[in-house]
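Letter by letter, the chains look like this.
Protein chains: 2
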Amino acid sequence: MHFLDNQRKVDYVLVYHYRNRGAHPIHGSLSHPRAPLAVISNGEMGKEPNAAGQGNMMIEMGPLDALEAEKKEQREEFEYKLMEAGLELEKDLESKSQGSSFVRIHAPWQVLTREAEFLKIKVPTKKMYEIKSKGTIAKKFNDVVQKMTSPLQPRVPEHSDKMKNLSYPFSREKMYLYNIQDKDTFFDNATRSRIVHEILKRTSCSRANNMMGIHSLIAHNIYEAAYPLHDGEYEGPEGDMNDRKLLYQEWARYGVFYKFQPIDLIRKYFGEKIGLYFAWLGLYTSFLIPSSVIGVIVFLYGCATIEDDIPSKEMCDETNGFTMCPLCDKSCDYWNLSTACGTARASHLFDNPATVFFSIFMALWATMFLENWKRLQMRLGYFWDLTGIEEEEENIQEHSRPEYETRVREKMLKEQKTHVQKMETDKTESDDEDNDGLTWKDRLPGYMMNFASILFMIALTFSIVFGVIVYRITVAAALSLNKSTRPNVRATVTATAVMINLVVILILDEIYGAVAKWLTKIEVPRTEESFEQRLILKAFLLKFVNAYSSIFYVAFFKGRFVGRPGSYVYVFDGYRMEECAPGGCLMELCLQLSIIMLGKQLIQNNIFEIGIPKLKKLLRKLKDETEPGETASSELKHPEQWDLDYSLEPYTGLTPEYMEMIIQFGFVSLFVASFPLAPLFALLNNVIEVRLDAKKFVTELRRPDAVRTKDIGIWFDILSGIGKFSVISNAFVIAVTSDFIPRLVYQYSYSHNGTLHGFINHTLSYFNVSQLKEGTQPENSYFGQEVLFCRFKDYREPPWAPNQYEFSKQYWSILSARLAFVIVFQNLVMFLSVLVDWMIPDIPKDISDQIKKEKSLLMDFFLKEEHEKLKLIDSAQRSPKSLTPSFRHSSRHSSQSQRGSHASSASQHTIV
Amino acid sequence: MHFLDNQRKVDYVLVYHYRNRGAHPIHGSLSHPRAPLAVISNGEMGKEPNAAGQGNMMIEMGPLDALEAEKKEQREEFEYKLMEAGLELEKDLESKSQGSSFVRIHAPWQVLTREAEFLKIKVPTKKMYEIKSKGTIAKKFNDVVQKMTSPLQPRVPEHSDKMKNLSYPFSREKMYLYNIQDKDTFFDNATRSRIVHEILKRTSCSRANNMMGIHSLIAHNIYEAAYPLHDGEYEGPEGDMNDRKLLYQEWARYGVFYKFQPIDLIRKYFGEKIGLYFAWLGLYTSFLIPSSVIGVIVFLYGCATIEDDIPSKEMCDETNGFTMCPLCDKSCDYWNLSTACGTARASHLFDNPATVFFSIFMALWATMFLENWKRLQMRLGYFWDLTGIEEEEENIQEHSRPEYETRVREKMLKEQKTHVQKMETDKTESDDEDNDGLTWKDRLPGYMMNFASILFMIALTFSIVFGVIVYRITVAAALSLNKSTRPNVRATVTATAVMINLVVILILDEIYGAVAKWLTKIEVPRTEESFEQRLILKAFLLKFVNAYSSIFYVAFFKGRFVGRPGSYVYVFDGYRMEECAPGGCLMELCLQLSIIMLGKQLIQNNIFEIGIPKLKKLLRKLKDETEPGETASSELKHPEQWDLDYSLEPYTGLTPEYMEMIIQFGFVSLFVASFPLAPLFALLNNVIEVRLDAKKFVTELRRPDAVRTKDIGIWFDILSGIGKFSVISNAFVIAVTSDFIPRLVYQYSYSHNGTLHGFINHTLSYFNVSQLKEGTQPENSYFGQEVLFCRFKDYREPPWAPNQYEFSKQYWSILSARLAFVIVFQNLVMFLSVLVDWMIPDIPKDISDQIKKEKSLLMDFFLKEEHEKLKLIDSAQRSPKSLTPSFRHSSRHSSQSQRGSHASSASQHTIV
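Protein chains in written order, with our numbering: chain Y, 14 to 925; chain U, 14 to 925.
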């Protein structure tokens, strides 16, 4: 954790591989003075003497191949520049012929203060103030809640809820403001490493084509890795506690799944960005609790009312004896509707009025969730002292990506060449386009490729969905030939088809993740931030289409292009389009949704998130055992923290974690009308997911750089987009997929006694069997009675009407009702959402009060300071003999004010 | 413009009325030293000696009544505190027995710098930088545009487009950064007065119940007015130019209506808030140009195709001979459809397919407008150096409103009383609720009152609309009794009814404005900002309902509850619900809309904005002439600027200006499908409106306080709300009010040859005349042939069908089509809007680049400074004998860094 002198803390580690045929040990610790002082004061020239000093070593290192030497020089220049920036380095001896070498970086106090001032890092001042307590009742209620939830609270040292330090951006001119007790611990480890990281990012290396920052160097393999150190080991004796161990014990174990997350500690250890992710995940999970409770209630309501449901009773009643038209040509027979009794009853579980209520609830729930997230974000921002940061301020720290710089350099080289050629052939035309960036011309191929690839991927997804449809149709037809399997045909086919869908989704999910990354690289975005944003959008688009297209098909398209008896629609010769089960498509939608959602979560969690990392670890262990080098043995004795951290996986961003949750959010919200249990399953998954992710961050990854951010960025937009889309999709599910509207219309317009009796009869049209096309009649009808008319589910004119089999008036009136429902539902829910959005202020009342109070306290603080200054001037003017330094300062001030005011000397007194 | 010494600029003026029976002149200029120095240095005790010094005067002023004396003391305390804050005051002699006295305030340099630092006012530094020019083609294009528009540019000295000063919040510690040439003009007049205003706002007056700020004092009549001075006169010789005159010549005259607005100058003179209003108005007006062009084209398309329109030709064709059912009971006769030929042809002007296209265009136009406004706002924010300001930062300057403070004080007094009473009766129960604010309990009556009043107002509006309906029905019935007037009945009735509507709207508009203000006062909001917001919301709600309810009625309800022949719906005995004209309701909607919109604009502009101020001026002049006091004569000789400004109207905020425009925006967007010429009329109005408002601000109002703001606040939300609502309303206008969908359905489903031939016949249902109810048949039918069946406009089953007069299948299918259109239109347009919103970045690319560049320049600037500091340390360490002040400073620094770093002395060198 420290330099060899055991005093200076290691804030950052750079790792590189070296190959060293001649085993000359080169400068053990770089922090010793190597260059004379003169060199440093004219910094621009710094690299010359360095290179010269390096020159004689070069001769010694002749046997090294050129590339390696080049890299070595680049490293040395970079490290020299770091030292120039004030950092202190320590390096291992490159004693072995080849291996990894660690450069350990320490940021001394001077550097920390300078950078903290530039980065406007807010630090606590001496001034404390009390956070306004609420009214008596609210306070008591709060106390009770706190007492009740105390076993759920993680046992970590918390900042007090009652008092808060006034924070102010660090400024070296106002040192007296801050409560600096120990300069080693005033900035915590995350802040220290962030400061070092900033310096690493902006330090360029002139030898390596003027590449900016450590990320370029890593991209060009000059360094291998760069990471801050973990705070220590997460397991071990109780005695030496550190934040990492604390996090492990109170957060990153399955054993504490019931506890709240120690968000402040997470933020302190991993930085704001990761802190916000876990805060978001926590809020989402806790919001899933009420919705899963209500979902279960809705489901239970369905179970309880199943016996009272008139339509399903009518369907099951054999005495009604609806003779249905055959489900396939030739081999299928007429059948009695009562045989589909089971599905009808099952479908009532999800297709009942409570579902409508539930989907309105869930739409508002989504809005509430987003609003509350905004509030929580503000609250955290306040306690984490992020209120002053602007977005633009963050952006200046964004440097170009290495890939982008390479492209620009290539382009410039090329242009120079063509320019030279042009100059030779034609001297009049000189185009002075600005070369400091890629124009849309350079990007066009990338964009085209992107567009084409995404279209192709989406087409691929759709064709797979279509393939599964064809599979279902053909297999169902094939199976229905065999008499013995017939009863289970539908179940078998549906189940296998969903399984195929699931497997395809899982495979494509991984592929699309990689494709999205590749496509974004082709685009060559300039900054890391825009890279991330583009990647997220692409990956989201592809994964969204992948996960939901089969579900969308079942919800809105399946069974709608069947045609009617006598003029069926055929996919290809002899195979009719598939129909929904007699109970309605909602049942199938529910099945599809639940299997895909559960399967995706279970398999992704178990295999991809637990299994594969374990496998990787195992493989690495095996590899280590097969090559038992000298390194391993030396490390085993007493491995340093940087060795331990180096053996962990590098941190690669939060995108996959967010993506998984967002897709899940889609399952929970988009089709919640068809599957009220979705929130419950999501809740169960997330309780595990939180700890899984926590464990990964604490034990399996190198410590990520602490990134300061105010919000979760584009994810919020995607979430609110899904929320809005879910309103429309639920409106259509209720109106079009479920039988809710037809039942309502029947009850109020057609029913004789206002009940649903006769509803089933009403939904079935008649077909004159004699009009069946030649060759499509059932071949061997075992059906008991003589069949004159068979029935099918549609609203069409009966055979005896003048315009037979046209859509009937009922069809149109029910369609009108369905569409009217969509309009009303969509606009009502959207209006309610806007209302909720508007009613809940984005900034919690107490926080905005606190912020105001903090500002005015700060104002008072400075005014007081001002006053004291003036007093000093005053006393100085009275006793002009005393020449204390403070007077020197203030007298400068007063002379200024004398120059400044053109007032008469009389009024001068009143100014003072 | 200056103090009597002709040197110190007057930055602010306070006015009060005094009554002075004993004519003792009291201290001519307060800027003379009155209190000894000792008093000032211990500022808290300041008011004691002042009061004491005042004491002996009090005795002299015995005859003054107590209230006046009290006010005088409060004024004196306040003015003393202002001086204590560093301001310099000058006062007129209170020579007359009563009159207005002016307190002129000057802010000396020292105060300006102090406050500028607190307020974080950004000022230009010495550092200039070039604004990145665009690529060659864009640049050339830009030049051409600039050359072409140069006669449209106002001739004002503009800041260069190519160079910009780097701005940085003012800091007295970094004075060397700024380009301070003349301390009198470094801060411009608007900034100076803003600074004084800030001090005035936060200075309290302990004598007057500790009231905070000048606004409380004005509210309690202690002062009468407080305003900054105008820059001079706007008319007069060319020689002495000032910003006000420049604004008048280049902006605030009708003669320059074709020119762009000098936004930067407006902002410099009036501050950011008013600058943003005019920038917004300008953008809105210029956005109206394309939309009115397309609107005119759409209208001309209607005119051009009027001869080809088959339905109107069919209606006018007398050979068709559709015998229509009578329009009223008894007195009306059967009539031939061809008599309504005129309205049918007129209605085609607005009811054609181009309208659908136009309303999609307008929905996107609204989105584009809002997006472009966001961009313009960002751009202005960048050039006006507002990028660093946060909203919260602005809020701390918000002090409580005087009314609020009074209420809180009253409440506290009352509670103390009850508390005392309670203490006496019951000592155990002590409620320590925090008293520093009003709780919801205190506010409840206000809220209830608000809710009830708003409901009442809305009900009033609705009942007036209903009253006009009744008027129309009864008058139409009465007039139709008279044979001679019959042909003009409809036109007469409609026209008079709309006029009544218009007059009512105009009257209620004024009333509702006052009511909203009163209701907001009842609510007692804490800050000025929340007062404004609540007022705007209420006023908007009331005015919106007022302006649009009659239009909504015509668009969506008129003619829909008529019933059918044989079972008409009666409003009251004998009076049937009104129907739309045979050409469709769209024509009437158009009429209603155009008359209300035009009438409102013309009358409000002419009478309320031009007429009434003129009248007020005239009245005041008359009044002045009747009381020719000594004041008038002395002022007439050589009126000072503060006298002139005092005679102007006080500035009362931008709310009415915005409100007028927002209501107009509603007319332009909400029903644009029915009236494509609306944008044109709005454009014509706005060209005048801009100059009208400009004239008002430059010539008729006192100079407003410069308010720094980043955006137009709640108006933007209201605008985007109207934009969203307009999508739905246009969808319904096209689907429900116009005949677009029925025509489409007829053409593609019912027509034999795919044309509209036979459409009119299709829309008319048959009615068996013999089924007319007893007593409702036409009394004296002069109709030529024998009438068996009459026709009416509806889709119902014919008399010969089994279920006669029920809605027919056509009805339901057309209804489905209408609803489907609404869904498709709404979601498509909303999706397109989101897409447009997403495609156009909120921050223009060049501005975000500039902001980044500016930040990095600032960073470099400071790093360089840092470097120089280090060099100084270095040179100081080498020659420790020289003791220059700069060394003193830097040595303090280096000793600090020595204390700071725990490194060994060896590494110390590398740090430096």
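Bear in mind the hints are in silico, worked out from the structure with no lab data behind them. One thing to keep in mind: the hints can contain errors.
Copies of the same chain are indistinguishable here, so a pair counts whether it falls within one copy or spans any two.
Claimed, not checked - With a cut-off of at most 25 Å between alpha-carbon atoms, the simulated DSS-like pairs for lysine-lysine come out as follows:
id : residue 1 : residue 2
1  : 286       : 139
2  : 326       : 534
3  : 708       : 613
4  : 94        : 534
5  : 868       : 94
6  : 858       : 454
7  : 258       : 708
Evaluated hints:
no.: 1; hint: 286 with 139; verdict: neither (27 Å within a copy, 37 Å between copies)
no.: 2; hint: 326 with 534; verdict: neither (59 Å within a copy, 62 Å between copies)
no.: 3; hint: 708 with 613; verdict: within (21 Å within a copy, 67 Å between copies)
no.: 4; hint: 94 with 534; verdict: neither (30 Å within a copy, 65 Å between copies)
no.: 5; hint: 868 with 94; verdict: between (40 Å within a copy, 23 Å between copies)
no.: 6; hint: 858 with 454; verdict: between (50 Å within a copy, 17 Å between copies)
no.: 7; hint: 258 with 708; verdict: within (11 Å within a copy, 71 Å between copies)
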